[in-house]
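Engineer: Spelled out, the chains give:
There are 4 protein chains.
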Amino acid sequence: MDKLKVGVVGAGRIGKVHCEALCSRVPDAEVVAVTDPRREEAEKLASRFGIPAVSKNFEELIQTEEIRAVVICSPTDTHRAYVEAAARAGKHIFCEKPLDHEPAVIRHLIEEVERNGVKLMVGYNRRFDPEFRQARLMVASGEVGDIHIVRITSRDPEPPPFDYIKVSGGLFLDMAIHDFDMARFITGAEVVEVFARGAVLVDDRIGEAGDIDTAVVSLAFDNGALGTIDDSRKAAYGYDQRLEVFGSEGMVRVENRLHNQNRLYNSGGIHKALPMDFFMDRYAEAYAIEMSAFVKSVIDDSEVLVTAEDGLRSIEIGLAARKSWLENRPVKIEEIRG
Amino acid sequence: MDKLKVGVVGAGRIGKVHCEALCSRVPDAEVVAVTDPRREEAEKLASRFGIPAVSKNFEELIQTEEIRAVVICSPTDTHRAYVEAAARAGKHIFCEKPLDHEPAVIRHLIEEVERNGVKLMVGYNRRFDPEFRQARLMVASGEVGDIHIVRITSRDPEPPPFDYIKVSGGLFLDMAIHDFDMARFITGAEVVEVFARGAVLVDDRIGEAGDIDTAVVSLAFDNGALGTIDDSRKAAYGYDQRLEVFGSEGMVRVENRLHNQNRLYNSGGIHKALPMDFFMDRYAEAYAIEMSAFVKSVIDDSEVLVTAEDGLRSIEIGLAARKSWLENRPVKIEEIRG
Amino acid sequence: MDKLKVGVVGAGRIGKVHCEALCSRVPDAEVVAVTDPRREEAEKLASRFGIPAVSKNFEELIQTEEIRAVVICSPTDTHRAYVEAAARAGKHIFCEKPLDHEPAVIRHLIEEVERNGVKLMVGYNRRFDPEFRQARLMVASGEVGDIHIVRITSRDPEPPPFDYIKVSGGLFLDMAIHDFDMARFITGAEVVEVFARGAVLVDDRIGEAGDIDTAVVSLAFDNGALGTIDDSRKAAYGYDQRLEVFGSEGMVRVENRLHNQNRLYNSGGIHKALPMDFFMDRYAEAYAIEMSAFVKSVIDDSEVLVTAEDGLRSIEIGLAARKSWLENRPVKIEEIRG
Amino acid sequence: MDKLKVGVVGAGRIGKVHCEALCSRVPDAEVVAVTDPRREEAEKLASRFGIPAVSKNFEELIQTEEIRAVVICSPTDTHRAYVEAAARAGKHIFCEKPLDHEPAVIRHLIEEVERNGVKLMVGYNRRFDPEFRQARLMVASGEVGDIHIVRITSRDPEPPPFDYIKVSGGLFLDMAIHDFDMARFITGAEVVEVFARGAVLVDDRIGEAGDIDTAVVSLAFDNGALGTIDDSRKAAYGYDQRLEVFGSEGMVRVENRLHNQNRLYNSGGIHKALPMDFFMDRYAEAYAIEMSAFVKSVIDDSEVLVTAEDGLRSIEIGLAARKSWLENRPVKIEEIRG
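Protein chains in written order, with our numbering: chain A, 42 to 379; chain B, 42 to 379; chain C, 42 to 379; chain D, 42 to 379.
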């Protein structure tokens, strides 16, 4: 069988991650071109992974006949134009999250993609983490019974650069959006109402930039379950990614992955290593499985595992959370949907 | 030194627990009388623990000269009258939680007690659990730095009898009130605003009784920290009592106590025992330390460790949570205080 | 039913432990007399636990008509005489381990006891620890299948005083003897051959006293299973008492009891408390259950749970281990039995 | 820099593992030829990893000019001839363990290799496992102080095929040899005496083949430390690979890697997944790091991390263990060395 020929758009941090996955862990794919406005970055990537061509720009890449799919890793404000153009050129699309911060734009992209008969998968990598995935399987197979309470904890090791924070859309759209997607994924249910509190406890400059660095979000789901999410931009002990689903028959818990499982016993206590503190280490496997899944869905012509609709829903929850925080009241998702 | 002579009021479940603690684990105390409207229960207790007298009723017990302190384990609706009478009789008082469901009544009792120069301690047993206490020590000594997020989980093994639910004051005043007290205890901060969601997921009859069995509560503290509490009337795996305090320097976690720490490895996985599922086992040590602390504060004439003011505060939070749930909006504690 | 009237012989450390258990945790027993050559120690004990009489000496105590059972907590070199005298006086006997270091003496005591129709239980407290006991139940009920390998780890927080080491009988008879008893208890099988290595790694003075402080013992059981025990007189992290039984169907592991289960996460790692480091804390429950079991076997006239035969067997294994270490060769138990 | 051109000898299970590591995880290496008597296996491997040439036989491969290093994954009885020939052809050599079962042969190969100025690294993969390696770093940096006791547990999920058992050299030379190497690696000390017990508890046919399936080995080290190893050919719960090093300052423990860290709580208990049960999953990272280390030592002209001398020492311990088991007595390593 022929390999799926892929073009990669964006040679930044996440572009590298996806290239590495596609080149060394997805035997059915072949990256044939890469592009980035910072041409030298694109060239470094091409040389490192043996990618034959560096396209001058997105337009050139998209015109490459043999390319059947593009992996879009460029900044959020380019997603709309690139997804549109790729769809019109008949290319299947993997696009990093979020598709866009505007629901109307996402709805428009959903239509474009449908009209052009191409696939569009959105990059919510955590869904592909083996442990979250296994937890989802347990929940879906009824091991915890009916879902009563979902708890998600998400804490970064360090805040992002302040420049980034300003354009990030804020904690609810940039960071918590992963948790909103996880809340939907792990339960298989839809969020109907959100109440969000925010605080600036980590760094005053985040507050000065109009954002928050700490949040607690209370969720109501359409199946009657309740949820709570807590987020922080900084945990002294690393990257904290936990989850539990509690139901009528029991509970499944996902705990952090540690650097190693060794234990040291000494006169001061019993000590274990810290959680993995870099998202690319923590989610290395998830990224590889994500790319495999995208490639497989194109080759098999099967449904993508994270749809643009999924991308829309998490944005809606994020906007509801932001509104809730600003107005200090519970906000229904349908308010956002208008 | 003479032992502190104590009278116990109420020979029900919690009366037995306190008698046992006083008789076999608090060498400085001596239970000299017990009373209960169900006289045979009082007699059983007296015979089991070698208590010399069974008083006909509360009034008789309170007139026993040698009694310097009473331990009130009777139903909530008797607390007001008994505390008042005991205070006027110059007896020091330990009263089970809640003192009353009405803040005005509690304020009145605080005045009575002050006027009569007696001590009043309220029975929030979890504060005396060695692990919660040790966690509080870590927080108080700065091991987690400034507090950012508090998470409390509280799930019972089974709902109480429906008859009890009807008079219980509802989940927020009966069950979550322990968590509200814990939130204050563990942080050393005051709750200023509450948003509560409730659901009936465990048993429809609880809903028919006008109550809920599942709740998620979002808290704001006066020191800027955020909190989240989740409660359920039924956990398939037993009694779930966990807590974590996350701050600028780290996190402390209290996990469940299991029946035993043994692990069984077989072809089906690695298995551990369930959490202790009866509150009297789970908190056996806490109850004994609580009684010791009360007796010590009387003997040493020192401040009680859980004041009537503490009892008032948790009731206020409980009332705010109920109002929040009924009106689906965040409620400030000062609204309740009026 | 009348309580079993008990006399306690020896008011030292272990005498106190047993008195406390008998007086506050074994409702069916009543300590009516205590004796100790250091009379003031006996008096302190009597006053603390409300024991009515302090006997002048063992002979006086043994002549107390109402005493039906004695609990012998005096030094090992007195056991022979006291057990003999108690048996002849028709008293049931609980005697601390070891009965004696000489198998012939133990065999003689077994005969005395049988001749006089009294019970004799030996104090191997670890058998009554809830976690070891639960592990034994799992093994006995076939949860691990046929036993293949047993591993026991036993490490003290600190070596005993050197004066004690000199009269202790050495590490194999003083300390490892608990592990030899545990090996028999947990498997329900008999040790047939021992190979023991010893080393002086903790403190040279232990070597100068002719003893060792570190040992690894390899065992062969009569059911074909193999075993390994490791002992140390000093673990920097406290009292280390672990065990695992591995069999055809799986494995059960007993881990240490920690001071508490809390976890602290900070920039240095994830930290837990140390194992309990004092045997009286670690085995507090075990001692109480042990006394209950002795009292129950006397009252019910049922078999004691740790027989003099058990005491004999662990001594034989200890002597074989010592011989093996001295001669650097495997030693069969039957060699010792002669 | 030019990549190191490598030839792979043997396209069986372990040959595939090393090819995969070399081709996708060691960017500095390039596999340019592979050979195997079962030509179709070699061709499959070549096609799967894009290896340009399939050599007719070892001799042809060794004559390939551009090949600077060979990775020998053929059966043990070919190692001698291949290592010799490769050394004479001036190729650097990685050879799977064991080099040979005969110390004299290994000594001869050490000379050959030295004479020809090539490197020879032996495949003790566990040394490269991140957790064992991290434990070694802790021990080497003094975190546990002076070493007192080492415990190693090694249990396979299933016995190998009986045909293999017959030619394997027996449990001590085939399986426990990994543990003997680990004992040296983790302590940095030399084993001086061994006492080994063996039993046939898993499968009688193993006994009929003259081998054992269960063993407990007691070790004495040249630094005075003691050790114990237990091995089984079959653990119902998977692949059990644990270790602990206990010393004057504390203890480091390496526990099993589980399939995932999730926990399920239900009415039957708290459940975790099994340990990884296939050595290629369990040690996937170790194999990749091992190949990297070999390639790096050739490119940098630095000392290999597992020398032929290391291979010799573990064989000597294995032979001493076998002799000890057969003669039921402790055997000194120098007896074997003669």
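There may be inaccurate statements among the hints.
Where chains are identical, the list cannot tell them apart; a pair therefore holds if satisfied intra-copy or between any two copies.
For lysine to aspartate or glutamate, the following EDC-like pairs were computed, each having C-alpha atoms within a straight-line distance of at most 16 Å [to be verified]:
hint : residue 1 : residue 2
1    : K275      : D245
2    : K313      : E184
3    : K313      : D342
4    : K44       : E184
5    : K207      : D245
If you are wondering where the hints come from, they were derived from the structure by calculation, not from laboratory data. Quick caveat: nothing in here was measured; it's all calculated off a predicted structure.
Engineer: Now tell me if each hint is right for this structure.
Structural biologist: Checked hints:
no., hint, verdict
1, K275 - D245, "within (13 Å within a copy, 41 Å between copies)"
2, K313 - E184, "between (30 Å within a copy, 13 Å between copies)"
3, K313 - D342, "neither (45 Å within a copy, 36 Å between copies)"
4, K44 - E184, "neither (38 Å within a copy, 51 Å between copies)"
5, K207 - D245, "within (14 Å within a copy, 48 Å between copies)"
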